[in-house]
Amino acid sequence: DTGVSQDPRHKITKRGQNVTFRCDPISEHNRLYWYRQTLGQGPEFLTYFQNEAQLEKSRLLSDRFSAERPKGSFSTLEIQRTEQGDSAMYLCASSSLHRGYSYNEQFFGPGTRLTVL
Amino acid sequence: AQSVTQLGSHVSVSEGALVLLRCNYSSSVPPYLFWYVQYPNQGLQLLLKYTTGATLVKGINGFEAEFKKSETSFPLTKPSAHMSDAAEYFCAVTFTGGGNKLTFGTGTQLKVEL
Numbered sequence: 683d684t685g686v687s688q689d690p691r692h693k694i695t696k697r698g699q700n701v702t703f704r705c706d707p708i709s710e711h712n713r714l715y716w717y718r719q720t721l722g723q724g725p726e727f728l729t730y731f732q733n734e735a736q737l738e739k740s741r742l743l744s745d746r747f748s749a750e751r752p753k754g755s756f757s758t759l760e761i762q763r764t765e766q767g768d769s770a771m772y773l774c775a776s777s778s779l780h781r782g783y784s785y786n787e788q789f790f791g792p793g794t795r796l797t798v799l
Numbered sequence: 214a215q216s217v218t219q220l221g222s223h224v225s226v227s228e229g230a231l232v233l234l235r236c237n238y239s240s241s242v243p244p245y246l247f248w249y250v251q252y253p254n255q256g257l258q259l260l261l262k263y264t265t266g267a268t269l270v271k272g273i274n275g276f277e278a279e280f281k282k283s284e285t286s287f288p289l290t291k292p293s294a295h296m297s298d299a300a301e302y303f304c305a306v307t308f309t310g311g312g313n314k315l316t317f318g319t320g321t322q323l324k325v326e327l
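Those protein sequence lines, which keep their order, are chains A and B.
Residues in the first sequence are numbered consecutively from 683, following this note's numbering.
Residues in the second sequence are numbered consecutively from 214, following this note's numbering.
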């Protein structure tokens, strides 16, 4: 396994711009999660997919946020009209029932740190 | 609803001393409990997990945790701290169903001093 990868690792943008992040889960992992971590806080759940279906969205995911996983592999998280309050680390995680694992055990990527100026 | 409380946002220990990080949880159904470690500008690495069975679980890097149901706690310990243990530690809870999404505590920053 190559692990969960995220791109870019860092993104600096100006308020009002749109940004898109990508997450590549561990191959064969059919669940993919997005979390947001602000400074001094633990990660907070945003949304998750099982294969290509988005099964749950948090109230934290405003209308400016959209996530997709079109082919059940990689996922993108887009933020439109960014605000300074969107500055955070965006973490992706994946999980699977393969190889004796459970959906509870999530493997995290390195995160994308977003700074909105 | 489930929640996690980590007591002590900053803990400082001497190298070689016992590490004890506290975690209390609230869950209306049997929980699954996790400890993750995060180094600066990195993602989360799983230290250990409790699902079912033995209440004392051992993880990587010499850490262990005990599921204390009556106290609704899951403290993380390590007998002898090493400089490389300096990091932020997060306790998390989930349960079967409900998407298995994790609910995290606010984290404890562990400092190890010479």
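In case anyone wonders, no lab produced these hints; they're calculated from the structure.
Keep in mind that the hints are not guaranteed to be accurate.
Stated by the list, open to error - Pairs of lysine to aspartate or glutamate, EDC-like flavour, derived with a Cα cap of 20 Å:
{"hint": "1", "chain 1": "B", "residue 1": "262", "chain 2": "B", "residue 2": "326"}
{"hint": "2", "chain 1": "B", "residue 1": "271", "chain 2": "A", "residue 2": "787"}
{"hint": "3", "chain 1": "B", "residue 1": "262", "chain 2": "A", "residue 2": "726"}
{"hint": "4", "chain 1": "B", "residue 1": "271", "chain 2": "B", "residue 2": "301"}
{"hint": "5", "chain 1": "A", "residue 1": "693", "chain 2": "A", "residue 2": "768"}
{"hint": "6", "chain 1": "B", "residue 1": "262", "chain 2": "A", "residue 2": "787"}
Claimed, not checked - Far from chain B, by Cβ distances over 12 Å, these chain A residues were calculated:
{"hint": "7", "residue": "691"}
{"hint": "8", "residue": "696"}
{"hint": "9", "residue": "713"}
{"hint": "10", "residue": "719"}
{"hint": "11", "residue": "744"}
{"hint": "12", "residue": "748"}
{"hint": "13", "residue": "752"}
{"hint": "14", "residue": "753"}
{"hint": "15", "residue": "766"}
{"hint": "16", "residue": "768"}
{"hint": "17", "residue": "780"}
{"hint": "18", "residue": "781"}
{"hint": "19", "residue": "793"}
{"hint": "20", "residue": "795"}
{"hint": "21", "residue": "798"}
Ideal Cβ placement from N, Cα and C applies to all residues, glycine included.
| said: Would the hint linking residue 262 of chain B and residue 326 of chain B be met if the CA-CA limit is 20 Å? | reply: Violated: residue 262 of chain B and residue 326 of chain B sit about 27 Å apart, past 20 Å.
| field | Status of the stated non-contact between residue 752 of chain A and chain B (beta carbon gap over 12 Å) | value | For residue 752 of chain A, whose nearest Cβ neighbour in chain B is about 20 Å away, the distance exceeds 12 Å, so it holds.
| message | Checking a non-interface call: every C-beta of chain B should be farther than 12 Å from the C-beta of residue 719 of chain A. Is that right? | response | violated (8 Å)
| query | In terms of Cβ atoms, is chain B entirely out of 12 Å range of residue 753 of chain A? | reply | holds (21 Å)
| query | Taking C-beta pairs only, is residue 768 of chain A more than 12 Å away from all of chain B? | reply | Fine: 18 Å to the nearest Cβ keeps residue 768 of chain A off the interface.
| Beyond 12 Å from each Cβ of chain B, as asserted for residue 744 of chain A | holds (18 Å)
| field | Nearest-CB test (12 Å) between chain B and residue 713 of chain A | value | violated (8 Å)
| residue 693 of chain A and residue 768 of chain A: Cα distance at most 20 Å? | holds (12 Å)
| task | Would you check the hint for residue 262 of chain B and residue 726 of chain A, treating anything up to 20 Å between C-alpha atoms as holding? | result | holds (19 Å)
| field | Interface exclusion of residue 781 of chain A relative to chain B, criterion Cβ beyond 12 Å | value | Given a closest Cβ separation of 15 Å, the condition holds.
| query | When you check the alpha-carbon spacing of residue 262 of chain B and residue 787 of chain A, does it fall within 20 Å? | reply | holds (8 Å)
| query | In terms of Cβ atoms, is chain B entirely out of 12 Å range of residue 691 of chain A? | reply | The claim is violated: residue 691 of chain A sits with its nearest Cβ about 8 Å from chain B, within 12 Å.
Checked against the numbered hints given earlier, the structure breaks hints 1, 7, 9, 10, 19 and 20 and satisfies all the rest.
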